[in-house]
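K.L.:
Position 42, counted from 1, in the sequence shown is what my numbering calls 42; the numbers after and before it change by one each time, with no gaps.
Please note that a few of the clues may not be correct.
To be verified - In silico DSS-like links for lysine-lysine, alpha-carbon gap of 30 Å or less: (1) 101 with 90; (2) 101 with 71; (3) 95 with 154; (4) 154 with 101.
Said to hold, decoys possible - DEER-style ranges, computed between Cβ atoms: (5) 43 with 136: 24 to 32 Å; (6) 10 with 111: 17 to 25 Å; (7) 37 with 145: 37 to 45 Å; (8) 43 with 111: 39 to 47 Å; (9) 117 with 19: 42 to 50 Å.
Just so you know, these hints were derived from the structure itself, not from any lab.
Just so it is clear, CB atoms sit at the ideal spot from N, CA and C, and this is done for glycine as well.
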Amino acid sequence: APWGNYLEVIDENGNALPPQSRGEILITSLSNYVMPLIRYRIGDIGALDETADHTSQILLTLSGRINQHFKLRDNTLIDPGFFEYLLYAKPWIRKFQVVQKDYSTLVFRFVTTDTLRHEDDLAEIRQNTRALMGEDCQITFEFVDELPPTPSGKFLYMYSEVHNAE
Numbered sequence: 001a002p003w004g005n006y007l008e009v010i011d012e013n014g015n016a017l018p019p020q021s022r023g024e025i026l027i028t029s030l031s032n033y034v035m036p037l038i039r040y041r042i043g044d045i046g047a048l049d050e051t052a053d054h055t056s057q058i059l060l061t062l063s064g065r066i067n068q069h070f071k072l073r074d075n076t077l078i079d080p081g082f083f084e085y086l087l088y089a090k091p092w093i094r095k096f097q098v099v100q101k102d103y104s105t106l107v108f109r110f111v112t113t114d115t116l117r118h119e120d121d122l123a124e125i126r127q128n129t130r131a132l133m134g135e136d137c138q139i140t141f142e143f144v145d146e147l148p149p150t151p152s153g154k155f156l157y158m159y160s161e162v163h164n165a166e
């Protein structure tokens with residue numbers, strides 16, 4: 001086990017996933033005898049390399065925090081990179097935040113470089129989002145002066161309230 005830890009990637013039911021399947025990462029510490037961490041949920045999503053076994057494990061991908069992935073009703077997780085790719089390409093967006101309120105409701109908040117509405121870009125964002133999240137997805141755009149950080153001082157570009165409600 002690398003660095004005295006055993007890694008697991010599990011699905012939403014706690015079952016081990018095969019290599020290269022994305023799920024929640026659990027860590028079991030094999031070297032801390034004072035305060036052992038057994039199947040500790042670190043809050044990250046990732047996948048193990050296909051060569052991973054009980055003697056060697058390599059984390060293939062780390063896709064971010066669980067609460068930054070959006071979740072569909074069928075438990076499919078949507079990688080936050082989709083929205084980053086979609087929104088970073090818009091030069092009028094200075095800063096953004098996307099919040100999943102429930103399985104079919106998203107709120108996009110924008111701090112912009114101008115006061116125009118950019119209807120063509122908003123239509124593209126709506127179309128691409130619904131193609132991924134479902135045609136019944138309710139999408140709201142809010143234009144704000146600032147996007148405050150969390151109480152811990154971090155700024156979340158994306159987060160899901162669905163994970164907190166479960």
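K.L.:
A separate judgement is required for each hint: does it hold in the structure or not?
P.N.:
Hints, verified against the model:
no., hint, in the structure
1, 101 with 90, "holds, 24 Å"
2, 101 with 71, "holds, 11 Å"
3, 95 with 154, "holds, 14 Å"
4, 154 with 101, "holds, 20 Å"
5, 43 with 136: 24 to 32 Å, "holds, 29 Å"
6, 10 with 111: 17 to 25 Å, "violated, 37 Å"
7, 37 with 145: 37 to 45 Å, "holds, 43 Å"
8, 43 with 111: 39 to 47 Å, "violated, 27 Å"
9, 117 with 19: 42 to 50 Å, "holds, 46 Å"
The structure fails hints 6 and 8 (numbered hints given earlier, in ascending order).
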